[in-house]
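A.B. asks: First to last, the protein sequences are chains Z and D.
Residue numbers are given in this note's numbering: position 183 of the first sequence equals residue 183, and the series is strictly consecutive.
Residue numbers are given in this note's numbering: position 115 of the second sequence equals residue 115, and the series is strictly consecutive.
It should be emphasised that the hints constitute simulated quantities derived from the structure, not laboratory data.
Just so we're clear, the structure is a prediction, and the values are computed from it rather than from any experiment.
Some clues are possibly wrong.
What the hints assert, rightly or not - Listed next, with one range per pair, are the computed distances between beta-carbon atoms: (1) D:LYS178 <-> Z:GLU293: 54 to 64 Å; (2) D:GLU271 <-> Z:LYS200: 16 to 26 Å; (3) D:GLY127 <-> Z:LEU79: 20 to 30 Å; (4) D:GLU289 <-> Z:SER14: 18 to 28 Å; (5) Z:GLU59 <-> D:GLU289: 40 to 50 Å; (6) D:GLY176 <-> Z:PRO94: 45 to 55 Å; (7) Z:LYS129 <-> D:GLY174: 23 to 33 Å.
What the hints assert, rightly or not - Keeping only pairs whose Cα atoms sit at most 20 Å apart, straight-line, the calculated SDA-like set for lysine to any residue is: (8) D:LYS283 <-> Z:LYS302; (9) Z:LYS302 <-> Z:ASN268; (10) Z:LYS178 <-> D:GLU239; (11) D:LYS100 <-> D:LYS126; (12) D:LYS126 <-> Z:ASN268; (13) Z:LYS178 <-> D:LYS302; (14) Z:LYS235 <-> Z:LEU193; (15) D:LYS178 <-> Z:ASN154; (16) D:LYS302 <-> D:ARG282; (17) Z:LYS283 <-> D:ASN169; (18) D:LYS84 <-> Z:GLU289.
Glycine included, every Cβ here is placed at the ideal spot set by N, Cα and C.
2 protein chains.
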Amino acid sequence: MGKVYIGVDVGGMSIKAGVVNINGEILFKKSCVTDGQNVDQFLKDTKTLLEEVVNEAKEKDLDPQGIGFGIPGMVDNNLGIINKMANIGGRDVPLKYYLKDLNLPIYLSNDANVAALAEQKFGVAKGMKHVILLTLGTGVGGGVIVNNQLYEGNQGKGAELGHTCLILNGRQCGCGRKGCLETYASASALLRLTREYMEKYKDSMMWEYCNNDINNVSGLTSFECAKKGDEAANKLIDEYIMYLGEGLLDFANIFRPEAFVIGGGISNQGEYLTNKLEEYLRKQNYGYEGAPESKVLIAKLKNDAGIIGAASLLME
Amino acid sequence: MGKVYIGVDVGGMSIKAGVVNINGEILFKKSCVTDGQNVDQFLKDTKTLLEEVVNEAKEKDLDPQGIGFGIPGMVDNNLGIINKMANIGGRDVPLKYYLKDLNLPIYLSNDANVAALAEQKFGVAKGMKHVILLTLGTGVGGGVIVNNQLYEGNQGKGAELGHTCLILNGRQCGCGRKGCLETYASASALLRLTREYMEKYKDSMMWEYCNNDINNVSGLTSFECAKKGDEAANKLIDEYIMYLGEGLLDFANIFRPEAFVIGGGISNQGEYLTNKLEEYLRKQNYGYEGAPESKVLIAKLKNDAGIIGAASLLME
């Protein structure tokens, strides 16, 4: 029987589970929708999904070694509970206890953490020992690999890189603090910034791109118009790169990673984004004169990163 | 022969070396002044001092296991070189090579790192596994202990906690960036803030405390007048606590330490300071709702922390 690892990617809308081999390949996957609000239903759905996955694995002569979870929220892996979870709600949900009949080791971590692990073990940062991942989506998620190992912070509750202060007493963040990196560097922040620039620059190409309706603004608006030479869009992108770049410099000064890996919606900009960020870091001496270089890379496992990373929690 | 460890605390004005036993006790120490500018002289002085220390140790039937250095600057421990050093100058100074005739293992680290190690192994944070130390002096030095081990960042060049951005495009920092924590939370920053408040509040008790001469401002001025109830001084201290507190919240969100240890001149304020900081952290939920508590403690090894911490680099 081949040893395999089950990875579960919990999202706001769906729960995806995959069976992954030691090479980080997904052998098969299954998913179900969640109603997005009810914790009891979430537990039930998760258990049913995992029973199906485990059974199918055994039918295929595979030997699951355990189940890893990437949770959009705060977890306590020692106690096997989800302290809190975006979208689904609930407090201190005893996931591990609820799944005890599956008789498999359970490892809980946060979604950005497992994405970092996936990219470092099997993705774009394979072979590197020191890696920082930032997912730029609704928020800014952070994952830290130190010396080949996932660093989750004491009690598994650290590595919240999106919730470090970039502008003291700046924008209100959902976390309760003000001026967090997340409020300036997330995809949501880019949309807000795009709307602000459009209001200010009425002759910007961005208006045409949005069919003169500001409600059509997307993560592409500013980037695509900047590439076409629109002045306002280029100014906007420079501002956004500064926010993100200053965040990277902070983490460079703390961790000195070999590479930053950028994931989430914004990462679709590829080299256009990484070239600008690398230029910003280089100009600022990677945070400190004489400091070693950090590359900027685009995450490559995309939608599979959650499953692969969660499964990787159980490997070795 | 008892096993001992030699710790060297390199300062701008003097080089101090001590022989430390496995319990973190300094058995004896020696020091010499440095001329503060000349690298060749620094190397020569260091070697002479260490030859004397090693000889005296052997006369006392002690068996030195190696020499650790706490350097005020950037080092490359693998190559055994000091990349750059505050006050003394020089670039990529081959300290390890220069001391090769001593035939002892050499370990180079930065001064705040070794202070953190000293406090965690033998000082106020003894018994804790996750500790962040900040020294508040001319600058803000940072030291990180993760899971009982010193974390120096990749290539030993990280943990520069004072050089994370608190206010985007804020005050110019000596490191080249703008708005670093160091420019708001160091002792030097407190002095600047004190002078600013005095210029603004001409009736503040701080003027009397300084004999009406702003050149007499010290690190005590604001704290002592705040304790006596001076309104301007209390406002000033609240602002300073906010700067420092927001920095601690950033590191709480990244590391979730069991304790923050405060060293340097400002730490003489003791519980008056730690109570205010703990209150600030508590009000902000330690960075994140549901996050575990981090204590705030005052470093206790004072001037010996450098020697003890540097010696500790070689232990185990």
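A.B. asks: Hint compliance check: list the failing hint numbers for this structure, sorted ascending.
C.D. replies: 1, 2, 8, 11, 12, 13, 15 and 16
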